[in-house]
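These protein sequence lines map, in sequence, to chains A and B. Quick note: the first sequence uses the working numbering, first residue 66, plus one each step. Quick note: the second sequence uses the working numbering, first residue 219, plus one each step.
Treat the hints with care, since some could be wrong.
[Unchecked claim] Label-pair ranges, simulated between beta-carbon atoms:
#, chain 1, residue 1, chain 2, residue 2, range
1, B, Pro503, A, Lys158, 29 to 37 Å
2, A, Asp98, B, Ala558, 34 to 42 Å
3, A, Ala176, B, Phe421, 49 to 57 Å
4, B, Gln509, A, Ala184, 47 to 55 Å
5, A, Asp98, B, Phe421, 25 to 33 Å
6, A, Leu180, B, Gly540, 49 to 57 Å
7, B, Lys465, A, Ala129, 43 to 51 Å
8, B, Leu523, A, Ser146, 48 to 56 Å
9, A, Lys113, B, Asp343, 55 to 63 Å
10, A, Lys113, B, Gly540, 34 to 42 Å
11, B, Gly501, A, Lys113, 54 to 62 Å
[Stated by the list, open to error] Straight-line distance between alpha carbons at most 30 Å, and here's what the computed DSSO-like set of lysine-lysine pairs gives:
#, chain 1, residue 1, chain 2, residue 2
12, B, Lys463, B, Lys525
13, A, Lys113, B, Lys550
14, B, Lys243, A, Lys158
15, A, Lys128, B, Lys463
16, B, Lys486, A, Lys128
17, B, Lys485, B, Lys563
18, B, Lys550, A, Lys128
19, A, Lys128, B, Lys525
20, A, Lys168, B, Lys243
21, A, Lys128, B, Lys243
22, A, Lys158, B, Lys550
23, B, Lys563, B, Lys486
24, A, Lys128, B, Lys563
25, A, Lys158, B, Lys525
26, B, Lys320, A, Lys128
No wet-lab data here; the hints were simulated from the structure. Ideal Cβ positions, reconstructed from N, Cα and C, are used throughout, including at glycine.
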Amino acid sequence: MNFPADLRYTAHDEWCRLEGDVLVLGISDFAQDALGELVHIEFPDVGKVFAAGDEAAEVESVKAVAPVYSPVAGTVVAVNSALDGNEGDINSKPYASWLFKIKVADVSSVAAATLDAAAYQAKIAR
Amino acid sequence: MVPFAGFEMPVQYTGVIPEHLACRKSAGLFDVSHMGEVRVRGAKAEQALMWLVSNDVASTVPGQAQYNALCNDKGGVVDDLVIYRIAQDEFLICVNASNRAKDFAWLVEHNPFPGEVVFTDEGDDWAQLAIQGPNAVAICQKLANVDLAPIGTYRFTHGTFAGVAGCIIARTGYTGEDGFEVFIPVAAAGPVWDAILAAGADFGIVPVGLGARDTLRLESCYCLYGHELNDDTTPLQAGIGWITKLKKQGGFLGSAAIEARKATDDKKLVKLLIDGTRIARDGMPVLFEGQPVGHVTSGTRGPTLEKSIALAYLRNDLAKPGTRVVVDVRGKEAPAEVVANPFYKRS
Numbered sequence: 066m067n068f069p070a071d072l073r074y075t076a077h078d079e080w081c082r083l084e085g086d087v088l089v090l091g092i093s094d095f096a097q098d099a100l101g102e103l104v105h106i107e108f109p110d111v112g113k114v115f116a117a118g119d120e121a122a123e124v125e126s127v128k129a130v131a132p133v134y135s136p137v138a139g140t141v142v143a144v145n146s147a148l149d150g151n152e153g154d155i156n157s158k159p160y161a162s163w164l165f166k167i168k169v170a171d172v173s174s175v176a177a178a179t180l181d182a183a184a185y186q187a188k189i190a191r
Numbered sequence: 219m220v221p222f223a224g225f226e227m228p229v230q231y232t233g234v235i236p237e238h239l240a241c242r243k244s245a246g247l248f249d250v251s252h253m254g255e256v257r258v259r260g261a262k263a264e265q266a267l268m269w270l271v272s273n274d275v276a277s278t279v280p281g282q283a284q285y286n287a288l289c290n291d292k293g294g295v296v297d298d299l300v301i302y303r304i305a306q307d308e309f310l311i312c313v314n315a316s317n318r319a320k321d322f323a324w325l326v327e328h329n330p331f332p333g334e335v336v337f338t339d340e341g342d343d344w345a346q347l348a349i350q351g352p353n354a355v356a357i358c359q360k361l362a363n364v365d366l367a368p369i370g371t372y373r374f375t376h377g378t379f380a381g382v383a384g385c386i387i388a389r390t391g392y393t394g395e396d397g398f399e400v401f402i403p404v405a406a407a408g409p410v411w412d413a414i415l416a417a418g419a420d421f422g423i424v425p426v427g428l429g430a431r432d433t434l435r436l437e438s439c440y441c442l443y444g445h446e447l448n449d450d451t452t453p454l455q456a457g458i459g460w461i462t463k464l465k466k467q468g469g470f471l472g473s474a475a476i477e478a479r480k481a482t483d484d485k486k487l488v489k490l491l492i493d494g495t496r497i498a499r500d501g502m503p504v505l506f507e508g509q510p511v512g513h514v515t516s517g518t519r520g521p522t523l524e525k526s527i528a529l530a531y532l533r534n535d536l537a538k539p540g541t542r543v544v545v546d547v548r549g550k551e552a553p554a555e556v557v558a559n560p561f562y563k564r565s
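Please take these sequences and the hints and turn them into a complete structure.
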């Protein structure tokens, strides 16, 4: 499994990357492997406002459904509709398959709410 | 691996979808040793089973298998079973793993000829491996010491399989594909698994876990106990009226209740083809014009169809093919249509 060092990770197995004040978010290699072949994504509406820790999306495989949380407060500015019908891309390229982007309320909140690759790997190894 | 009825079983080996598609296109190997087996012996064994189960057991001949429901006195289903007629006075019943103890106790308790007809729980004596798919017959023929071609659907033979004597080789299954289920004396089962994988390597065989076992049966609209079948719902409601012989001589345990409930039972099992990719899961409400009219019993994305499919109990008046309903998927709407035919039927 692969955990790029230039990304941040959450305790709920999302990966994210700050681009200015926009947080790009998907699910980690560990998460896609645990869920198996993904077949449906429930995207949030663009414009929706989340508090830190809110459930923002759902990813569903043949086996199970899992919530995707927003680690910080913000507003949805884009969803990756290109994954509709191509949900398997999340399995094959989890870090290229972002789910949604949120304009974060406070950029400094991201670091505290997420883990670096080493800390995340240590967490999932437990 | 997940615990299942006292067994540790794999949900998948490589992935639900590739395993499913391999079974449809070439062959799949399933370890279904968790299934229970009950031996029935006695001169009145046929008579006993005619009372205990729903189908016409008396119509079978040795070497024939038959699908049956075991019903309670309220007309609900205790379990669904396959009964293998070994001899005129001997049968082997294959029961669901999760119902093994319940079924055995039920059969013994309701045996109309105690002392004359003897039930023996052989669940610990048998392993069961299923080889299913278009290449299954060719693979099995490499391993069996008997000619398999003459064995028709729902027929079986005794034979030596992969060098193991005393196996039951049955042309039955739970996938919608052609193939065999082989009952193997339990101590010899491990090497047989390996022998099947080796014999099937050139035929594209893959091991298949519980996940694809469920998607395969669901595409073919086979009932699963605990989902479509339960202690409260009659076999008629579940759409297995074809094994429910209400008019057989003397009836059967539960037949009077099933007959009586025909007039008042207000829901039946339907097949739902769902728009979009949302997946309906067991227990989700089904709505018609905003009102709850039933619930989903099983649902998945059918890997062969690449569509979202489900089975659901709906109000009788809405069970007509073409009816449009909505599944409430965690508060989101998944529009769906009642369809007449199974989602998959092999050509």
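CA of Lys320 of chain B to CA of Lys128 of chain A, is that 30 Å or under?
Holds - the C-alpha atoms of Lys128 of chain A and Lys320 of chain B are around 28 Å apart, at most 30 Å.
Are the Cα atoms of Lys463 of chain B and Lys525 of chain B separated by 30 Å or less?
violated (35 Å)
Restraint check for Lys113 of chain A with Lys550 of chain B, where alpha carbons must lie at most 30 Å apart
holds (16 Å)
Taking only the CA atoms, is the gap from Lys128 of chain A to Lys525 of chain B under or equal to 30 Å?
holds (15 Å)
Just to be sure I understand the hint, the distance between the Cβ atoms of Asp98 of chain A and Phe421 of chain B should be within 25 to 33 Å; is that true here?
holds (29 Å)
How does the Cβ-Cβ distance of Ala176 of chain A and Phe421 of chain B compare with 49 to 57 Å: does it lie in that range?
holds (55 Å)
Satisfaction of hint between Lys486 of chain B and Lys563 of chain B, Cα-Cα up to 30 Å
holds (22 Å)
Within 30 Å, alpha carbon to alpha carbon, are Lys128 of chain A and Lys243 of chain B?
holds (22 Å)
Starting from Lys128 of chain A, check that the Cα of Lys563 of chain B is at most 30 Å away, please.
holds (23 Å)
Given the range 29 to 37 Å, decide if the beta-carbon distance of Pro503 of chain B to Lys158 of chain A lies inside it.
Holds - the Cβ-Cβ distance for Pro503 of chain B and Lys158 of chain A, about 36 Å, lies within 29 to 37 Å.
Given the hint that Lys158 of chain A pairs with Lys550 of chain B, test it: the Cα-Cα distance must not exceed 30 Å.
holds (28 Å)
Verify the proposed pairing of Lys550 of chain B with Lys128 of chain A, using a straight-line Cα cut of 30 Å.
Distance of about 19 Å is within 30 Å: holds.
In this structure, the earlier hints numbered 8, 11, 12, 15, 20 are contradicted, and the remaining ones agree with it.
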